[in-house]
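Student: Fit chains V and S to the given chain P structure using the hints.
Chains as they are written, first to last, in this note's numbering: chain P, 1 to 439; chain V, 1001 to 1288; chain S, 2001 to 2276.
Mixed in with the good hints there might be a few duds.
Here are the simulated lysine-lysine pairs, DSSO-like style, with alpha carbons at most 30 Å apart [to be verified]: (1) K259/P / K1140/V; (2) K80/P / K2222/S; (3) K153/P / K80/P; (4) K2010/S / K2264/S; (5) K177/P / K1140/V.
Okay, the calculated bits of chain S under chain P, using three or more residues with CB under 8 Å as the criterion [as the list claims (entries may be wrong)]: (6) 2062–2069; (7) 2116–2130; (8) 2218–2226.
FRET-style restraints, in silico, Cβ to Cβ [said to hold, decoys possible]: (9) L2022/S / T1030/V: 48 to 54 Å; (10) V1023/V / E2064/S: 54 to 60 Å; (11) V1057/V / P2191/S: 38 to 44 Å; (12) E131/P / E2135/S: 28 to 34 Å; (13) N179/P / V2084/S: 38 to 44 Å; (14) T2006/S / A1012/V: 55 to 61 Å; (15) V2084/S / T1030/V: 26 to 32 Å; (16) Q1101/V / P2101/S: 36 to 42 Å; (17) E2135/S / Q1101/V: 48 to 54 Å; (18) W2054/S / A357/P: 36 to 42 Å.
Since the hints were derived computationally from the structure, they do not count as laboratory data.
Beta carbons are placed, not taken as given, at the ideal position from N, Cα and C, and that holds for glycine.
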Amino acid sequence: MYLKTMVRAAGVLALAAATGVHADSHTTTVTIATVNNGDMIRMQGLTDDFTSRNPDIALEWVTLEENVLRQRVTQDIATKGGQFDVLTIGTYEVPIWGNNGWLVSLNDLPADWDIDDLLPAIRSGLTVDGELYAAPFYGESSMVMYRTDLMEKAGMEMPEAPTWDFIRQAAAAMTDKDNEIYGVCLRGKAGWGENAAFITAMSNSFGARWFDEDWKPQFDSEAWANTLDFYMDLMTNYGPPGASTNGFNENLSLFQQGKCGMWIDATVAASFVTNPKDSTVADSVGFALAPDNGLGKRGNWLWAWSLAIPAGSDATGAAKKFIEWATSREYTALVASKEGWANVPPGTRTSLYENPAYLEAAPFAEMTLGSINAADPTQPTVDPVPYTGIQFVAIPEFAGIATQVGQEFSAALAGRQTAAEALAKAQALTAEEMEAAGY
Amino acid sequence: MATLHSRSAARAMMAPAVFLLLVWMLVPLTMTLWFSFKRYLPLRGGDLGWTGFDNYVRFVTSSAFWPSVQATLLIVGGVLLITVLVGVLLALLLDQPMWGQGVVRILVIAPFFVMPTVSALVWKNMFMDPVNGLFAHLSKFFGLAPLEWLSQAPLFSITLIVSWQWLPFATLILLTALQSLDREQLEAGEMDGAPPLARFLHIVLPHLAQAITIVVLIQTIFLLSIFAEIFVTTQGSFGTRTLTYLIFQRVLESQNVGLGSAGGVYAIILANIVALFLMRIVGRNLDA
Amino acid sequence: MARAVTHQRKTLNTAIAWGIGLLIFFPVLWTILTSFKTEAQAIADPPVFFFFDWTLENYAVVQERSDYMRYLLNSVIIAGVSTVLGIVVAVPAAWSMAFVPSRRTKDILLWMLSTKMLPAVGVLYPIYLIFIELELLDTRTGLVIVMMLINLPIIVWMLYTYFREIPGEILEAARMDGASLREEILYVLTPMAVPGIASTLLLNFILAWNEAFWTLNLTAAKAGPLTAFIASYSSPEGLFYAKLSAASTMAIAPILILGWFSQKQLVRGLTFGAVK
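This is chain P alone, in the form it adopts within the complex:
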């Protein structure tokens, strides 16, 4: 390779030759890159269970904050750096990377791992041309989480499938700024996985779409204007201060402190807000489907944090064993025995939602399953689109574009520009980037 000669010729750092004294014992080391989310940290804590069954495998963890992790993992796989044997990635990356031939197929996991037990929506999101490229660790959709006590105080009752108008009424009724209670908390922090994900999913229920069938950006459509106007109205009147810097974690913390009346976000948060150890409002949380506008689509998304093996890993066999363990029913049972059923990683297997012990411990189980099943990544919105993905568009350029679009939305929420200006800028920059990408 050209690069090689260039580097060699440069003859740099010959002193480096004496490097890399690799551990050459009999154990295989599996390096796992993962996000610092609660479920992953728990998995890390349960490592002993795996290593005691597989004494010849040692696990090394690289636990990073989500943004840093994405950047590290993408950089490494795109350059074939080979630093990791197991990657924690989502339903956005899997189809793109799988298509590029960067991931190892997991179709050959043993039969008792039971691939047919995976929820169909999740499984299809991780499959490319019949090959399963990642095993789901936990899956999520989004739904409304609300304070039953505040609802009652406001004299209202949350329907199982609310409309956006109802959400606005309820938010108005619950907001009590003097006591730092804000009717609704939504993501405002810029990022394709933060506000762009939420607003994109929301826009589907308003009939908006990112691109028409010719890949022309649609931010100049009326449906987008309606979406963003509604979002801004909700957040500026009934949202918490500083909403433009609140992401999932910030809102979780606000809700747990009892400062949000409603929070529309990932179903996986349900077990955090009902956990009395962390949440001050654990016993008064209710759940409902994500809102709609009567157009036939709800504002809920679909996501699965999944474990995948990069092609070229030198520990593929051991990595598969690890993935098999971490995504198995036995792992779920292990977590249940240590932390209780309510805390097991949700949203991946049908069998979990047929387990009476889980259904009893997790009041949010039914709503979670309903939300996941209601999500259809192949037909995300009202009008036809050339892409798949609900809160994202499964093309490589999306992350970069959506982060910038998210920044425009976030700036609008912060009052630095109007919704119309944000949409005009989003339209321009998306067109610019799509042109650069050759669409």
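Tutor: Below, chains V and S without anything else, positioned relative to chain P:
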């Protein structure tokens, strides 16, 4: 003392440092230049052929380019202004007789030891958070609405965080310079009945001029490439996208290595313009 | 000082200086205090200062999750070795610049500084690819090399400014006595420049310790220093101020303590030639 022998020896002794830095500069620079003329999209299969100056044109014509240059200069300029002004005042204060001077100096120097990531995290979450931050508690105590620091005053907030980190550096250099000031000259000025401000302007400030240029030079080198403070706090939102951050977005978030590399070349040019400008000033002082 | 300073004046100075000093130090103090609180106390309104139930729980949680000593060791090795190596390379260069200056000396010096202005992000891809080729990814060796190169210009410049203050006649005298160049540098120059070298060492150790771009992007499980340790606590799910504070305290404590104990040396040499 500069004999021919010592000249060649001198050159030989300089060689390792010069060679290492040359390699460190040229190899990545050459590769960056090479990438910058390529359509290089790792997620779309990597090297997609030569594109001439497309990346360069695209990078500057992007609506994000000029605002990012502006943000860079505002942050760098703001931090320099704050650290030098406050640094001079603080140095003057610390130069006065007092009890526990050593302890005060330890307190003032502390921010310099805090890694940028940590300081950004601490400021963002524990001070500037509009709900749980200390500033929010403080404003509520006085009956005011909490300021949403990072979205309402984003550039100022970042400038504040970075200034906090670099203030000790500026203060210490200025203090050292101040302590070498000729006391007799100062006292003579006092006897002549010159008011304190005049003494400061005519005696102290000229003496500090060189130290100030050094502070400006060294800090500029570091400030042009600040990254962690923005990555942790606003991620480039609200007009805080500096040139460095824009390149980061192109290379890592959009995975457009060609475009990002072209941006890298622009950043190098900008840095060198700034450097040239500074070197002119400092170079003069180095001769002295 | 010829003039007696009035007692009141000194008291006033002391009060103001302590006030400002505490203000500047406050964020660090607050982080340390918060690290001993529970998560609920960490966000309490009104905030609690000293009267809370001090707990070590956060430190236990952090230590259980990540092996602090490994990160600490990496930080010490990377910052330490790169700084020492840098000084070894820089001393001869600084010597020749200070004592055998030529027309181009200043240009070379300024050029060296300008290499520091290369934006790291812009060259991440090239460096990453080189590191893959040379198998340097996630190795301490790789980071030592990068850190040394990043700080080399600063090291050269600092040493140069100290060396310039040493009268050339002393070196010449040594040479008259038959000292070789190596001996001249090792036994005559270096001992005289100890304060300068010490402060160069300290400053660059701190800079290397705090560097957070390369250390994060070129490491995975093995060579990650404390900057990587922090990245796993930066914004997790749920309440995290207390745990973040504990991790932050653990990351900055070693360098803070080192800095405080050695601040006299650091300050004495920290002039960059600004003072004659």
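Student: Which of the stated hints cannot be reconciled with the structure, identified by number in ascending sequence?
Tutor: The structure breaks hints 3, 10, 11, 13; every other hint is satisfied.
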